[in-house]
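These protein sequence lines are chains A and B, in that order. Be aware that the first sequence starts at 1, since it is given in this note's numbering, and climbs by one per residue. Be aware that the second sequence starts at 468, since it is given in this note's numbering, and climbs by one per residue.
The set of hints was computed from the structure by calculation and includes no laboratory data. Remember, predicted model here, so these are calculated numbers, not experimental data. Honestly, I wouldn't trust all of these hints.
What the hints assert, rightly or not - With a straight-line cut-off of 30 Å between C-alpha atoms, the simulated DSBU-like cross-links for lysine-lysine are:
(1) A:Lys440 with B:Lys724
(2) A:Lys423 with A:Lys440
(3) A:Lys292 with B:Lys504
(4) B:Lys759 with A:Lys210
(5) A:Lys458 with B:Lys525
(6) A:Lys423 with A:Lys334
(7) A:Lys292 with B:Lys590
(8) A:Lys334 with A:Lys264
(9) A:Lys58 with B:Lys677
(10) A:Lys440 with B:Lys907
(11) B:Lys759 with B:Lys504
(12) A:Lys210 with A:Lys257
(13) B:Lys857 with B:Lys724
(14) B:Lys801 with A:Lys440
(15) B:Lys677 with A:Lys210
(16) B:Lys724 with B:Lys677
(17) B:Lys724 with B:Lys759
(18) B:Lys890 with A:Lys210
(19) A:Lys458 with A:Lys58
(20) A:Lys124 with B:Lys759
(21) A:Lys37 with A:Lys440
(22) A:Lys292 with B:Lys801
Spelled out from the first residue to the last, the chains are:
There are 2 protein chains.
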Amino acid sequence: MSVHAFVESLHQFLQKDQISQNETIREQHSVDESYHKGQVTQVVVFPRSTDDTSQILKAASAHAIPVVPFGLGTSLEGHIVPVQECVTIDFSEMNAVLEVSPDDLLVTVQPGVTRSQLNRELKKHGLFFTVDPGADATLGGMAATNASGTTSVRYGIMRDQVRDLEVVLASGEVIHTGSKAAKSSAGLHLNGLFVGSEGILGCITELTLKVYGIPEYEMAGRATFPSVENAVQAVVSLLQSGIPIARVELLDEISLKQLNHHQKTAYPEIPTLFMEFHGNEAGLAQDVEFMKEIVAMYDCDAIEFVTDHAERNRLWEARHNLAYSFIHGYPGRKMMVTDVCVPISELAGAVRYAQEQLVELALIGGVTGHVGDGNFHVILMIDLSNPEEKQRADVYNERLVTYGLSRNGTSTGEHGVGYGKQKYMEEEFGAALGIMQQIKATLDPQCILNPGKLLPIKGAVVNESIV
Amino acid sequence: MSVHAFVESLHQFLQKDQISQNETIREQHSVDESYHKGQVTQVVVFPRSTDDTSQILKAASAHAIPVVPFGLGTSLEGHIVPVQECVTIDFSEMNAVLEVSPDDLLVTVQPGVTRSQLNRELKKHGLFFTVDPGADATLGGMAATNASGTTSVRYGIMRDQVRDLEVVLASGEVIHTGSKAAKSSAGLHLNGLFVGSEGILGCITELTLKVYGIPEYEMAGRATFPSVENAVQAVVSLLQSGIPIARVELLDEISLKQLNHHQKTAYPEIPTLFMEFHGNEAGLAQDVEFMKEIVAMYDCDAIEFVTDHAERNRLWEARHNLAYSFIHGYPGRKMMVTDVCVPISELAGAVRYAQEQLVELALIGGVTGHVGDGNFHVILMIDLSNPEEKQRADVYNERLVTYGLSRNGTSTGEHGVGYGKQKYMEEEFGAALGIMQQIKATLDPQCILNPGKLLPIKGAVVNESIV
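Kindly generate the complete structure, drawing on both the sequences and the hints.
Quick look at the structure:
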């Protein structure tokens, strides 16, 4: 393997400005938003078409050079951090919205299109794209990590939105994983397999995604409870009753305190649900009455609803700013976010355990959760210059994962595995991990596609320098 | 390969009454509800546990005996019809509802549980299972074929309901494909891969499925239109508007005529939508007014709503009896059902093409469609004793598939590939078929799992006797 010869070969089919070995560019493409640090990529390439991508993969295969696909670098588990000498493929120049089909409620985009860019385009047609992971990520990256977020309880996760992917395989061959039909019972389900595969099976060069009509009427709500258990149990009842919850987010005492401090708000500092509902006006008016009855059964302290656009935005802005409230509140510290997801019946216990462990391990952090999915995050603020504290944070993360797996949950609800969570895959999947490894080995026999991510591979290079 | 030695080995771990070589039993297990005919299975076994199934697979691997998993035999493309000497595994004795978890909106069942059996159990908890393919199939079979039906437009298809499968692989090894978490970004998505894999990757021995609270309020409706185009366009507008359509079925002139004739009903014999809505009373009342405006834009002749339980049942009974109306109306003929699914924007054109081709090929049949999904069926009534007519029916099926694929659709929206549609897989998937075949070869190197189904395999035995 010679990076030099590989880079030379790129010049045969790429323009000069599509290849960069500039140190700053290489460094920018070697970090994501996580605390994971690895190597610096050798070269960054900027394909402008599927054909460019195919040629890059062919050359990488021929030279046995590892390939790391890159969207905007918003990943949270070191997905795009190189663990060995590699080429990084930056898809930001493939950022066209290719087709909006309002009748089919579909849109076809290139992988570099961002979520906000797509929604600006869709708004012209009265449509919107539902998945909202917080960060303004690219859709290619969101598909690669199977992203989700606050609206998943109603509209599903990234995988649920994907009708078709164009994928360039390790060999440079181009395939389509699906079709534009709303459903299919033909063949094996490659859409599902490639979504969430974190670049280890191929590079996504086009996506056809499901979109929705903008709801006729939206309403937001905020409800406070004496305990996390009461809040979670209220959500279970709301879900069982079929009330059209579009978002339902839990914030714990510490998170609200941090939010109030940073945003100058005055929310009561007790377990709180931030909620949103999509429907029609009459239906939601009836649901409000029903909801008041339900939450009262769980000793709700207060429930308030807002329908005004500005007020709704204020509420969700507060929720979205939670991470920033912690970051700005603890200068010099780095954020580490857990991502365990458990069956909802286990959520209250898991949150309580997470809170207890914060105290036991003397760590700074708050809990927030996508309650409808059983997925919760602890936002930890870590002093990385203190190895002992970093180690306590690792122990914390591991304890939460072990707890979640013992309750039939998953180590990662939406952030993905990347570099950081590979070590849990064997415990999570047991014998099924062998099947995943066999599929990987079959589709990428040289193991050049994003090595060191998602699946532990026997005999793979392990980067001891990553932290 | 010796079937005799294989059957002998079964006696080492199965009870005598779990093994049958009775001719009638063997014949019953060698046909499904389709017109496809193949060989008669050599032996039928009845596992009572995952361990039984694992031992059977181990023995089948050791003796290189093909294995055909069997639910209730309601498949429509010869999925369970043997194409070579084999053992059939009948899962009807593994029919326990293992756990209902109302808080998690989950249920865990064995594969032999039928849809109606599950719904009887769930009703006690105020819950229901949404997928309704018409037939009272087993849940193992429904997962194996990725079944769907009238309610998919609202609640999704079988694959959307599966949280976890226990699967016995060709080697006898037992894996779990998922967890009980509502979402996960860990590992490769094996749930999706095994759902719809038609027994070619493993045998399903346990399923954890998503369930829903029974809706507070249900309303049915019937709307008539001057043309199929108008009816389809009205549905597109209803979907875009976010109206909570739970079912929307199109019936064409011929289907309504057949229905009226057989059921003594008096429905107008023009393109008609049968609809169902799930929500709350106030919301649906507002939606009714909105819907009236929408359908009027597409020259709706008449729209009627019914909320009374008995009247709603009458409407859906009529729809469910459509196939029987054709079967009883044409004694001596056999039903052949097409299953193309296209993007909704292509549906009206596809239905018109299907109607034209019925005339051109002089075939008896009517069109019905799950309009919200773009999936439509032509129920053809064929005289199988007339080879020339059978050939015209084959040409018809092929023309519809070709039309659907040229419009970015799929050859099968919900019935699956089985034996009958393998020949279309190369046209449908192109290079992606190679990936599917590689995955199959990796997981089942001896090709003993339901051979001759779903994927054309190079070098596989082809059964010339199948028709």
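List in ascending order the numbers of the hints, as given earlier, that are violated by the structure.
1, 3, 9, 11, 12, 14, 16 and 22
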